[in-house]
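Taking the hints into account, I'd like the entire structure generated from these sequences.
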Amino acid sequence: MSTDTLIKIDNVRKSYAGGFEALKGVNLEIKKGEILALLGPNGAGKTTLINAICGIVIPTSGTITVDGFDVVKDYRKTRSLIGLVPQELTLEAFEQVFQNVSYTRGLYGKKKDPAFIEKILKDLSLWDKKDNRLRELSGGMKRRALIAKALSHEPKILFLDEPTAGVDINLRRDMWRVVLELQKKGVTIILTTHYIEEAEAIADRVSVINHGEIIITDNKADLMQKMGQKMLTIELQETVSQIPPALQAYKLSLIKEGNALTYSYNSQAESTGITTLLQEIKQAGLKLKDLQSSQTSLENIFEQLLKESA
Amino acid sequence: MNWIGVKAIYLHEMDRMRRTIIQSILSPVISTSLYFVVFGSAIGSRIPVIEDVSYGSFIVPGLMMLVLLTQSISNAASGIFFPKFLGTINEIYAAPLSTFEVVLGFVGAATSKSIILGALILGTASLFVEIYIAHPFVMILMLVLTALSFSLLGFLIGVVSSNWEQLSLIPTIIITPMVFLGGSLYSVNWLPVIWQKISLINPVLYLVSGFRWSFYNMSDVSIVISLSMIFIFLFLNISAIVYIFSKGYKIKF
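Note that the protein sequences, when read in sequence, are chains A and B. Here my numbering is used: position 132 in the first sequence is 132, and no number is missing along the way. Here my numbering is used: position 69 in the second sequence is 69, and no number is missing along the way.
Check the hints yourself; a few may be wrong.
[Unchecked claim] If we take Cβ atoms under 10 Å as the criterion, some of the chain B residues that face chain A in the derived model are:
no.: 1; residue: Phe82
no.: 2; residue: Pro83
no.: 3; residue: Ile92
no.: 4; residue: Leu97
no.: 5; residue: Gln196
[Stated by the list, open to error] Label pairs and their in silico Cβ distance ranges:
no.: 6; chain 1: A; residue 1: Glu118; chain 2: B; residue 2: Ile140; range: 52 to 62 Å
no.: 7; chain 1: A; residue 1: Glu136; chain 2: B; residue 2: Phe137; range: 46 to 56 Å
no.: 8; chain 1: B; residue 1: Leu236; chain 2: A; residue 2: Glu308; range: 51 to 61 Å
no.: 9; chain 1: A; residue 1: Lys184; chain 2: B; residue 2: Ile116; range: 32 to 42 Å
no.: 10; chain 1: A; residue 1: Glu136; chain 2: B; residue 2: Val38; range: 33 to 43 Å
no.: 11; chain 1: A; residue 1: Asp218; chain 2: B; residue 2: Leu86; range: 33 to 43 Å
no.: 12; chain 1: A; residue 1: Ile58; chain 2: B; residue 2: Asn189; range: 45 to 55 Å
no.: 13; chain 1: A; residue 1: Ile58; chain 2: B; residue 2: Ile225; range: 34 to 44 Å
no.: 14; chain 1: B; residue 1: Glu165; chain 2: A; residue 2: Asn11; range: 37 to 47 Å
no.: 15; chain 1: A; residue 1: Trp127; chain 2: B; residue 2: Leu86; range: 22 to 32 Å
no.: 16; chain 1: B; residue 1: Ser126; chain 2: A; residue 2: Lys112; range: 45 to 55 Å
no.: 17; chain 1: B; residue 1: Ser27; chain 2: A; residue 2: Glu136; range: 24 to 34 Å
[Stated by the list, open to error] Sample of chain B residues with no beta-carbon within 10 Å of chain A, all distances over it, derived:
no.: 18; residue: Asn2
no.: 19; residue: Leu11
no.: 20; residue: Met17
no.: 21; residue: Leu26
no.: 22; residue: Val53
no.: 23; residue: Leu86
no.: 24; residue: Glu91
no.: 25; residue: Pro96
no.: 26; residue: Phe137
no.: 27; residue: Ser162
no.: 28; residue: Asn163
no.: 29; residue: Asn217
no.: 30; residue: Ser239
In short, the hints are calculated from the structure, not lab data. Computed from a prediction, not measured in an experiment: that's the story for all the values here. Glycine is no exception: its CB is placed at the ideal position from the N, C-alpha and C atoms.
Listed below in structure tokens is the structure:
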């Protein structure tokens with residue numbers, strides 16, 4: 001375990017009574033102070049993994065340590081370090097915002113600190129709603145209230161489970177501002193999402209999970225560089241029914257009902273092959289209408305990884 | 001011990017009582033007052049005194065037990081079932097709280113509510129009928145132990161229930177008949193011998209009898225047996241909770 005590892009997940013499995021295996025031997029190390037995005041489609045095991053770290057789900061086997069403490073044996077120590085913003089908007093209906101956020105602080109054994117709660121509510125633009133009942137809040141406001149609750153006991157680790165599902169642009173911006181401020185203060189942040197843009201915008205590292213297994217964990221930039229290809233789209237003046245045999249070597253794809261060809265290449269490579277490709281297209285008698293090039297997004301990489309793991 | 005956490009749960013639950021004051025306090029007080037009017041004054045006036053105690057006074061301990069039992073169960077059961085139903089229970093699971101601390105917070109609050117309610121019923125009763133308490137210490141002891149035991153039972157019901165129907169099943173089909181047939185409104189000595197014997201298998205009989213003894217020095221069974229029964233019941237409930245939590249049954253998945 002390297003010195004900057006904060007959370008270590010070692011061969012964690014979780015199977016349910018019906019035989020369904022939600023986690024199939026997950027290994028993952030989360031570093032102190034980083035923002036890790038846990039990416040995966042619905043039902044991949046993201047929430048189960050988070051819940052296992054937070055103490056809501058008991059793993060069938062394997063160990064999880066937080067700051068060197070076991071989450072089962074030393075649960076008081078590990079849970080005190082963690083704040084969790086759940087995916088579902090689970091809140092009491094009739095309680096007031098301020099009171100409910102203070103209640104969460106109490107559950108964690110922390111003495112009352114109205115000034116601190118006030119600061120959190122102000123940071124999350126919730127202060128003017130402090131006396132409102134929770135059920136009177138809009139969906140976005142409820143999300144803010146859940147974040148306030150998670151931060152109420154000054155955690156060192158913050159889990160955000162699908163934080164931006166059904167959230168408008170203002171809240172998303174507010175949320176990322178708060179998240180980045182927390183990171184500056186040394187808080188480690190783990191967010192699960194199936195929106196790639198989110199991971200792309202904010203994460204330091206990305207971990208992709210599917211069918212209860214971690215497929216890859218890497219720095220976002222490295223991942224994009226390693227797997228990131230550029231794509232050249234060549235639009236043709238006339239429709240073709242198949243790719244000319246002379247161009248087989250370029251592994252082109254025919255798109256737009258024969259009106260365009262695509263070519264994938266590594267922009268970091270010494271030779272991209274574009275010049276010769278264009279020459280050979282001309283020799284094959286095809287006429288060009290337009291050219292476009294684009295960078296593969298994290299989304300494409302993600303799709304590719306999921307396809308490979310399926 | 002995370003005492004602040006226990007206090008947070010306790011106050012949170014007590015606050016629920018304040019918010020639902022009509023349902024949690026007014027409604028049992030009103031319905032018990034109706035019992036006093038109907039059974040105590042109207043029907044009771046035609047029933048002869050029992051060992052120098054008027055029928056209206058005679059039923060006070062039984063009615064207090066009726067309220068204590070049903071309210072302890074329903075308060076504790078809904079106290080833990082609500083967060084399960086809403087999903088807010090995860091917040092408690094994720095907090096640095098031991099099982100014992102969680103039970104202490106929830107059951108402590110339900111017990112307190114029942115004791116407050118018992119005191120209110122006693123106060124209300126004293127407006128309608130003449131009451132004296134022969135053994136105040138035993139009366140308070142029984143009040144507290146009954147509230148605690150049945151709050152534990154209610155908590156257990158709330159934990160194992162998966163839906164609203166199950167939540168009200170045990171109170172409706174087991175507890176309420178047991179309380180009514182346990183001599184809360186009559187003395188089992190008034191029954192034919194065969195029914196007196198059958199009544200002895202009803203644990204509530206011992207609670208009502210013991211409680212009535214603490215008021216009027218009269219009982220269907222010995223006070224020692226009554227007190228023993230309540231301790232046995234308390235022990236059984238604690239054991240059941242310890243067992244269920246150690247197995248994680250219907251608690252964490």
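Enumerated hints in conflict with the structure, sorted upward: Those not satisfied are hints 5, 6, 9, 16, 18, 19, 23, 24, 25.
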